[in-house]
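**Q** The chain contents come next:
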Amino acid sequence: MSRIARQHSAHLPPKTRATNFKEVVCGYTETEAVAEAGRCIQCKEPLCITGCPVRINIKGFIHLITKKDYKGAYETVTEANLFPSICGRVCPQERQCEAACVLGKKREPVSIGLLERFVGDTARQSGRHQTHEIVSTGTRAAVVGSGPAGLACAYDLAKAGVSVIVYEALHMPGGVLTYGIPEFRLPKEIVRSEIDNLKRLGVVIKTNSVIGRLHTIEDLMGRLSFDVVFIGTGAGYPSTLNVSGASLNGVMSANEFLTRVNLMHGNDFPRYATPVGAGKNIAVIGCGNTAIDSARTALRLSPDNVYIVYRRTLEESPARKEEIRHAMEEGVQFLFRTETKEIIADNEGWVIGMNCRSKDEAAAPDFLLNVDTVIYALGTMANPLIARTTPGLKTDKAGYIETEDLMTSIPGVFAGGDITRTKGTFTTVIHAMSTGRRAAAGMLKYLESRRQT
Amino acid sequence: MLALKCRVNVIIVTAMFEIIRVENFSPSTFLWEVIAPEIAQAARPGQFVIVRSDERSERIPLTIADFNTDEGTITLVIQAAGKSTDQMRAYRVGDSILDIVGPLGEPSEIENFGTVIVVGGGLGVAPVYPILRALKLHGCNTISIIGFRTKSLVFWEGRFRDYSDETIIVTDDGSYGQMGLVTQPLKEILAARHVDRVIAVGPLVMMRAAAETTRPFGVRTIVSINAIMVDGTGMCGSCRVNLAGEIKFACIDGPDMDGHLVNFDELIIRQRRFVKYEKQSIEMCKNRCQE
Chain A
1 MSRIARQHSA
11 HLPPKTRATN
21 FKEVVCGYTE
31 TEAVAEAGRC
41 IQCKEPLCIT
51 GCPVRINIKG
61 FIHLITKKDY
71 KGAYETVTEA
81 NLFPSICGRV
91 CPQERQCEAA
101 CVLGKKREPV
111 SIGLLERFVG
121 DTARQSGRHQ
131 THEIVSTGTR
141 AAVVGSGPAG
151 LACAYDLAKA
161 GVSVIVYEAL
171 HMPGGVLTYG
181 IPEFRLPKEI
191 VRSEIDNLKR
201 LGVVIKTNSV
211 IGRLHTIEDL
221 MGRLSFDVVF
231 IGTGAGYPST
241 LNVSGASLNG
251 VMSANEFLTR
261 VNLMHGNDFP
271 RYATPVGAGK
281 NIAVIGCGNT
291 AIDSARTALR
301 LSPDNVYIVY
311 RRTLEESPAR
321 KEEIRHAMEE
331 GVQFLFRTET
341 KEIIADNEGW
351 VIGMNCRSKD
361 EAAAPDFLLN
371 VDTVIYALGT
381 MANPLIARTT
391 PGLKTDKAGY
401 IETEDLMTSI
411 PGVFAGGDIT
421 RTKGTFTTVI
431 HAMSTGRRAA
441 AGMLKYLESR
451 RQT
Chain B
1 MLALKCRVNV
11 IIVTAMFEII
21 RVENFSPSTF
31 LWEVIAPEIA
41 QAARPGQFVI
51 VRSDERSERI
61 PLTIADFNTD
71 EGTITLVIQA
81 AGKSTDQMRA
91 YRVGDSILDI
101 VGPLGEPSEI
111 ENFGTVIVVG
121 GGLGVAPVYP
131 ILRALKLHGC
141 NTISIIGFRT
151 KSLVFWEGRF
161 RDYSDETIIV
171 TDDGSYGQMG
181 LVTQPLKEIL
191 AARHVDRVIA
201 VGPLVMMRAA
211 AETTRPFGVR
221 TIVSINAIMV
231 DGTGMCGSCR
241 VNLAGEIKFA
251 CIDGPDMDGH
261 LVNFDELIIR
271 QRRFVKYEKQ
281 SIEMCKNRCQ
291 E
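Respectively, the protein sequence lines represent chains A and B. For the first sequence, the numbering used here gives the first residue as 1, with consecutive numbering after it. For the second sequence, the numbering used here gives the first residue as 1, with consecutive numbering after it.
It should be emphasised that the hints constitute simulated quantities derived from the structure, not laboratory data. It should be emphasised that the depicted structure is a prediction, and the values quoted were computed from it without experimental measurement. Watch out, some of these pointers could steer you wrong.
Some chain B residues close to chain A (C-beta under 7 Å, calculated; not the full set) [stated by the list, open to error]: (1) Val101; (2) Gly139; (3) Ile269.
If you only want the chain A side, here are some residues facing chain B, beta carbon under 10 Å, derived [unchecked claim]: (4) Thr233; (5) Gly236; (6) Val276.
Note that CB positions come from ideal geometry on N, CA and C, so glycine has one too.
Please take these sequences and the hints and turn them into a complete structure.
**A** Printed below as a string of structure tokens:
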């Protein structure tokens, strides 16, 4: 049964894609999807499901693909996850479901990610969406932040009959899916369409609403009479670059760079009024997923050179190996084991280069990298806004919200996603969604217990 | 105020913000009063909003120049300096703004400090006004020094007189009030009597000069940093300010900051980051704006 080789999806050729923002991975055709689904041996006790943070019935939906019952497959996936087109694209399946797939022990695992994406994309193309019979419970929830955690939480609450308002600080919903992950990896049309499915369930999304300023958490629980609140504001605060020259013109955080392109369409300047401010020779410091996204985005602005400058080795990079491979194919130049010592500028404060030190014995130890733009992607920290404006909300020293079963120190106020921190977990879209779902379960339990007393 | 946009049979309810008053101070500076009841309700002196006037505009941070809880309006004073702000000049009463997010930033510290000098320079005169009003209502003895380039640019003199025990107006060319810069009367007053606090809002060079004037007197001086921002919620770091060696974000740690600790030289350089793009953008716009 599993004699067929793993089906590979078509990719845009590196030379072509490096000049545009079109999606790199084309996704399965129907024939490929059915063939790939046929490789699944339908284990009695499927390990893949235990590898999935939101526990999608993977075995079940793959079986339905082999039967060409795509509607059934979509319904099976969306029992656990309303966003298959998003997760199928951005989840690190190679260390989750696919890492657990038994086929992977001897040959290649089933390509679960691409199958999930196929299910989501097929549903969207055929205009199919989740229809749930919703029985209103008369309770109200406020969800703060419309990133992956908030969206997943809102979905489970809405399904259970809670009336949900999602507050988003930016002018577009989606959080990191919108401002962070680039178009060529996750087309914004897909984010919009999957969020529309949430709205079909009656969820209201209020953009331009910064909680902590426009309304406080106290206001939500008091004046605005929500029964429960979920905080999913993420860890969007960029870590600072601690080298001399970090304030120079031409130095920016990956968050700023990606937001200028993804949210503000800076790549289409001056048709869109927001400039990106990137030059012709661009260095990205760091080698996580955000660094790779930044480098590949930078490449698409047609510069002369894009470098990744990373103080460790390729093997130590936390980024998805597939994305590093994509970046290399497209022409990003990698400088491993290279430390940034100092950024230097001309008389007017513009970056003209970066002094680096290589730990590679074969290379010259100190060298000047000629760049006019430096983007730093050194990780992010908890956004302090909610903690600062919510008396009684317990956080750890670094500002992450402390929770017990995802409820914060304030009764009825829950939190999830990157603003909470669980040791040993990756800060991924799907991890955030999983905490959002678990928080929703906790919120429903909390509402139930309050109803009984 | 509510506009319904229909896309793929999903109704998105977007709050639009209607302009109910436009006032022109000069060919390049103007005032908008906008209906924004939730923001007006939450706003405190010293806070700002971010405006994105249409689908293709930038997100522009603007300090709230006034807010009226009863009417549900906020007032913004704008200087046309780049493409987006330039296009904002074309808006008339009855037009609507696509996005306004706010209030943002920490409110100014308001209490009875004793004697306070409020300094406003150019367009900074507008955002310093609600701070002055709040300080007066909290019992401060208030002295206002407001500076303009020339007589024709003077605005809100009456408003300042209403909430100031003394009001000093200066113009660069002496066409109205005293001739010179705001720092001259500031220095004279500090030399003559005890002052508990100075609040200075205006262009970076003016705030730097004000902070340098007060430094020898050891008077606590608060400035309001209007830096280049994208999100305004602490995410992009574009508005970073070097505060005595420590990095702070104007959007969530400010905009008010201790003027004696701010590294103005660095900020002034950073403020020029997009100048070349602005020119390109405006040129482009003149040639083929509404393609």
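**Q** So, for every hint listed, does it hold in this structure?
**A** Quick rundown of the hints versus the structure:
1. Hint status for Val101/B relative to chain A: holds, with the closest Cβ pair at about 4 Å, below 7 Å.
2. Interface restraint check for Gly139/B: the shortest CB-CB distance to chain A comes to about 26 Å, outside 7 Å, so the restraint is violated.
3. Of the supplied interface hints, the one on Ile269/B holds, with its beta-carbon coming within about 4 Å of a beta-carbon of chain A, less than 7 Å.
4. With a cut of 10 Å, the hint placing Thr233/A at the interface with chain B holds, because the nearest CB-to-CB distance is about 9 Å.
5. Taking 10 Å as the C-beta cut-off, the interface hint given for Gly236/A holds, the closest approach to chain B being about 4 Å.
6. For Val276/A, the shortest C-beta to C-beta distance to chain B is roughly 9 Å, which falls under 10 Å, so the interface hint holds.
Hint 2 from the list above is the single one not met by this structure.
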